[in-house]
Structures are given as C-alpha cells and as structure tokens.
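Chains A and B, in that order, are what the protein sequence lines are.
According to this note's numbering, the residues represented by the first sequence are 1 to 487, in order.
According to this note's numbering, the residues represented by the second sequence are 1001 to 1075, in order.
Among these hints, one or two may not hold up.
[To be verified] Heads up, simulated DMTMM-like pairs for lysine to aspartate or glutamate below, C-alpha to C-alpha not over 25 angstroms straight-line: (1) B:Lys1009 to A:Glu268; (2) A:Lys97 to A:Asp451; (3) A:Lys105 to A:Glu268; (4) B:Lys1009 to A:Glu483; (5) A:Lys105 to A:Asp482; (6) A:Lys269 to A:Asp477; (7) A:Lys105 to A:Asp41; (8) A:Lys105 to A:Asp477; (9) A:Lys269 to A:Glu478; (10) A:Lys420 to A:Asp116; (11) A:Lys97 to A:Asp116; (12) A:Lys97 to B:Glu1068; (13) B:Lys1009 to A:Asp482; (14) A:Lys97 to A:Glu478; (15) A:Lys269 to B:Glu1068.
It should be emphasised that the hints constitute simulated quantities derived from the structure, not laboratory data.
Residue strings, one per chain:
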Amino acid sequence: MSNWVFALGAMLVYLAFAFALGLLAGRKRSFWSVSEYAVADRGLGFIVVWFMMGGTVFSAFAFLGGPGMAFSQGAAAYFVPAYLALGILPWYVLGPKVGRIGARKNFVTLGEFVGDRYRSRALTVLIGVISVLAFIQYLTLQIKGMAFIFNILTEGAIPYWFGALLAYGIVVVYVASSGVRGAAWSDVLQGALMLIVAWAVGFYLVNTLHDGPTDMFTAIAAERPDFLTIGRDGSPMSSMAFLTVIVVSALGFLMWPHLFTKSYTTTEKRIKLTTLAFPLFGIFLVPVLFVGFAGIGVVEPDALGSSDELLPYLITNELGASGWLYGLIGAGSLAAAMSSSDAITHGGSVSFGRDICRALVPGLSERAQIWIMRLAVVGIGAAAYWLSIFGAAGIIALLVGAYGSIAQFVPAVYGALIWKRGTAAGAISGLIVGIGVNYYYQIVADQTLWDMNAGFLGLLCNLVIFVAVSLITSPVDESLADEYRNA
Amino acid sequence: MENTTRRRKATRGYIVFLIVALLLMTVPVFTFADRVEPITLGLPFNLFWIVLVELAAFLAILGFYLFEHGGGEQQ
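Chain A with its partners taken away, still in its complex shape:
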C-alpha cells in the first residue's frame, strides 16, 4: 500500500473519531440553553478544561508555523514556548475573578463583562465586532493548515478545497450541535494525539537527520554563531523585539474571547490547576522546534515555498518515511488545527450572538439567541472557508488588523478589575487609538519605533489615552466599580 493511502486512511479514522466524540458530548444536554451552549452550565471537569485550553492554544501554528520559524529565524522561535506559558499564567488570578462575576451576573462573553462594568453597550458591540473579525482571520490560518496537510500527505489526491471542507465541515457540525462541550471533548482526543505525535516526530527527525540534539545544535552554532541567540549582531531578533512580543503575549493572550470566556466554564480550583499545567505545556513545545532546527543544513531554504511547509517537506522528501509516519503526522496536525478551530468557531458564534445581536436587540429571547449562535457557527465557518480557499486581499488586510487588535482589550479588562476611575469613554477611545497604532505599524509602516512589537506600541498609547480620558469623564457608580474590583 502506498504511503499516501495509508495517510488518508489514518486521517479519515481520526476524523471519524473526532466527529463521533464531538457529537456525543452534547447528548442529554439541554439543546435550548444559552448557558449550556456557551459555557457548559459552568460545570466542566478538570481534565476536559486542561485539554480544552491546551488544545485550543496549540494550533496549526505549532505543527507548521513553529518549525518554520525555528528553521528560518532560529532563536526567535524561543518566544513560542515562552509566550505559551506566560500567556496563560495570569489566568490563575484573572480566571476566578471573572468566573465569579460572570456567575453572579450571568455573563457568557468578554463583551458583556466589559460592557456591564463601563455601562456601555457601544463598547460591547465594538468588542464583538473586533472579536468576530479576528476569529475569522484565526480560522482562515487553521483551515489553510488543514487543507495543506491533507493535500501534501495524500500527494495531491485530495485537492485543497476538499480537504479543508471535510476537516472543517466536521468541526462546524459538532460545534453547532454540541456547543462548548463538543469542542471540549474532542479536544481531549486531539490534545492527547498531537502531544504524542509532536514528540515522536521531533525526536525521530533529530535522530534520523543528525546524531541527536547536541550534535545538531553544535553544528548549527558552528555554522552560524549568532543564529541561536537573541539581540547580537547576526541574531534573527533584537532584544527589544523579543521582550515586547513576550510582554504583549503575556498580557494579551487571555484577551482572546474564546480563552477569556473559558473562565465561565468551570470552578476556581480547576482554573488554578489548569494554569499549573501550562508551564509544562511550554516545555512540551520544545521538541516541535526541533523539527525546524533539524531541517537546517538538510533542506535548502529555496526549496520551500514558505517556511511553514518545512515539516511536510521533510516527511515527503528527506525521509523515505513509512506509511505509519505519514498517517501519524497527518492525524496529529489535523488534530492541532481542528482543536483550535472548534474553540474559535464556537467563540465567534457566541460573540456574534451575545455581543453583537443581543446588545443591539436587548429583548432577544433565549431560543432566538440559540438559533443565532448555532447558525453563526455555519455562517462564520462558511466565511472563513471561503476566504481561506479563495482569499480576497482587501478583506485579508482588515482581518490581519483585527487579529493583532485583540491584545488592545487589556486596559479595559484589567482596568475593570483594579481601577475604579475607568470609564466607557476612556475604554473606547483607548481601544480605538490602540487599534489604530497597531494597524499602522503592523500593516502600513515598514519599521516600528525602536524595533518594538506593533501591538506593544498600540498598548502603550491605548493605556495613556484610557487613563487620561477616564480621568476627565465622570466615573461609574462606585458600588459597581467595587463589585468588579473586589470580586
């Protein structure tokens, strides 16, 4: 049997399992409850939360982007294990507070949380719109990853459009039917699978293409001395860029609504135990970077269309790989892409239903909201699928801008928890300025100030405007502000 048939078989078996598990997860749960659909009635168990957070965070980027980054930018890729761990750490304090407020006030989104604290529906809608656009961009990246994996591992037998439709179609169906539980339970399977695959592949490649990691790193360092360091003359990344990208990630990562709202799905203890696991998750990612380093000196950079193609290229060209390896990698990378897509699609549907529709039409019945959310899964899914297969340059620039803007929620969210003077005018103007600055440096300008991260510059301006405007506008009720600060 040729390798690609084996790969296709393994991927189909995996897809069937993920599909069944996702559908079964919603069994015997109330189909008509917003709280069940959005936050699993605030009662998910510890193992599920752990894998859900891990699987969600560990996306197609880990299998394609991470190795690509190590291959082309060396030590710059170290920020991946660093930001993954640091990005979740604030959840230990943030999560339980948000969870308590959410349970008391019956919130299921980030927009509702911020909108209630600042007494502003406009703010809720603004956050909803940015979130949905950013989610579509995030999804587009994942869908491209799935399509790519399918196409290359089946040696072109499954066309680009069909692989994406098959893998992502399954996600859409189980998210629409089972809500957050569908996403969470399938993440348990996907998370376990991709961890095993990541380690197996990382060590396999290092030992096949080189004589183990020590030998590999010594060879790279001898060839290009500064490639494996940060901030030297020949380094791929300056110290300032490294510092600011990690700061933005550490503060802004939890501002992704699909992660933030997981605070509502479980208890304080489980949030804390999940945070505990994340530094280990950062360590789990190190062998994934090995894949990229293993390609150095073996693969000519010109042989790749983009550095993201490194892993599939290594498998198909450099190793007379067995069908088993093909299948394993196919299933593992699909798992990584799908476990993020389900949470993002779900998050997008909830943001759309609550932050946009319900905020604009306050009297919406629960049943109508449920319908809107479940249909939004299909709508957002179709939009992302269309964009990832056919693209559209103008829309893509807009989406990239939204994607980079998520971290700009930081002043409003953390401000709600620590500062009683924060106001809606401050939060909205800060957000708009932050997004503008980020957009300018990310998309328009060639260079940023002092090589700082675009999001970081946006955040600085955002914070200054948030504080200044808040101080000259009248504050919200003190009892409301205190309710948030003392939660």
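Knowing the structure of chain A, use the given hints to seat chain B on it.
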C-alpha cells in the same frame, strides 16, 4: 474572613511571581543566559534556561495552589 485575607495575600504574591517570571524569560535577565554553550541536556543554554524557568514556574504555582487550597479546610 481568614479565607479572603489568604486569597489577597496569594494574589499579591502571584503578581510579583508573574513579573519575576517575565524578567527571567526576557530582557534583562535572559540576556545573561543568552548563549549556546554549554549545550545542556541537548539544548542550547538559552533554550535550556527557558525550560528551567518554566519548570520553576510550575513549582511556584504548585506552591501557591497548596498555600491557598492545600489545607482542605476551605472550599
């Protein structure tokens, strides 16, 4: 009441821990660890340093968790 004081104290300590972890993993402290040699456990020293800080972070959070919830007497 004792529960809340404990929580406040832990929250303050945790924020200090977050800042320390950030400094250890980025500039300025990371700069001192930022070299390839000695290759430790197969990793360049700077990557090994990040792994080490993450292990320490794991232990620190475990400490916080036990401090807050370890006694079993609180919920």
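Against the structure, the hints:
1. Taking the CA atoms of lysine 1009 of chain B and glutamate 268 of chain A, the gap is near 17 angstroms; set against the 25 angstroms cutoff, the hint holds.
2. About 35 angstroms separates the Cα atoms of lysine 97 of chain A and aspartate 451 of chain A, which puts this hinted pair outside 25 angstroms; it is violated.
3. At most 25 angstroms may separate the alpha-carbon atoms for a hinted pair to count; lysine 105 of chain A and glutamate 268 of chain A meet this at roughly 17 angstroms.
4. The suggested pairing of lysine 1009 of chain B with glutamate 483 of chain A holds, with an alpha-carbon distance near 19 angstroms, which does not exceed 25 angstroms.
5. Distance check on the hinted pair: lysine 105 of chain A and aspartate 482 of chain A sit about 15 angstroms apart at the alpha-carbon level, within 25 angstroms; holds.
6. Of the pairs offered as hints, the one joining lysine 269 of chain A and aspartate 477 of chain A is violated, with about 31 angstroms between alpha carbons and a cut-off of 25 angstroms exceeded.
7. Among the hinted pairs, lysine 105 of chain A with aspartate 41 of chain A is consistent with the structure: their alpha-carbon atoms are about 14 angstroms apart, no more than 25 angstroms.
8. For a cut-off of 25 angstroms, the pair hint linking lysine 105 of chain A to aspartate 477 of chain A stands: about 16 angstroms separates their Cα positions.
9. Restraint check: the Cα-Cα separation between lysine 269 of chain A and glutamate 478 of chain A comes to about 29 angstroms, which exceeds 25 angstroms; the hinted pair is violated.
10. Straight-line distance between C-alpha atoms of lysine 420 of chain A and aspartate 116 of chain A comes to about 14 angstroms, which keeps the hinted pair within the 25 angstroms bound.
11. Taking the CA atoms of lysine 97 of chain A and aspartate 116 of chain A, the gap is near 15 angstroms; set against the 25 angstroms cutoff, the hint holds.
12. The hinted pair formed by lysine 97 of chain A and glutamate 1068 of chain B meets the criterion: a straight-line CA distance of about 15 angstroms does not exceed 25 angstroms.
13. Only pairs whose Cα atoms come within 25 angstroms are accepted, and lysine 1009 of chain B paired with aspartate 482 of chain A is accepted, the gap being roughly 19 angstroms.
14. Between lysine 97 of chain A and glutamate 478 of chain A the CA atoms are separated by roughly 18 angstroms; this keeps the pair inside 25 angstroms, and the hint holds.
15. Only pairs whose Cα atoms come within 25 angstroms are accepted, and lysine 269 of chain A paired with glutamate 1068 of chain B is accepted, the gap being roughly 10 angstroms.
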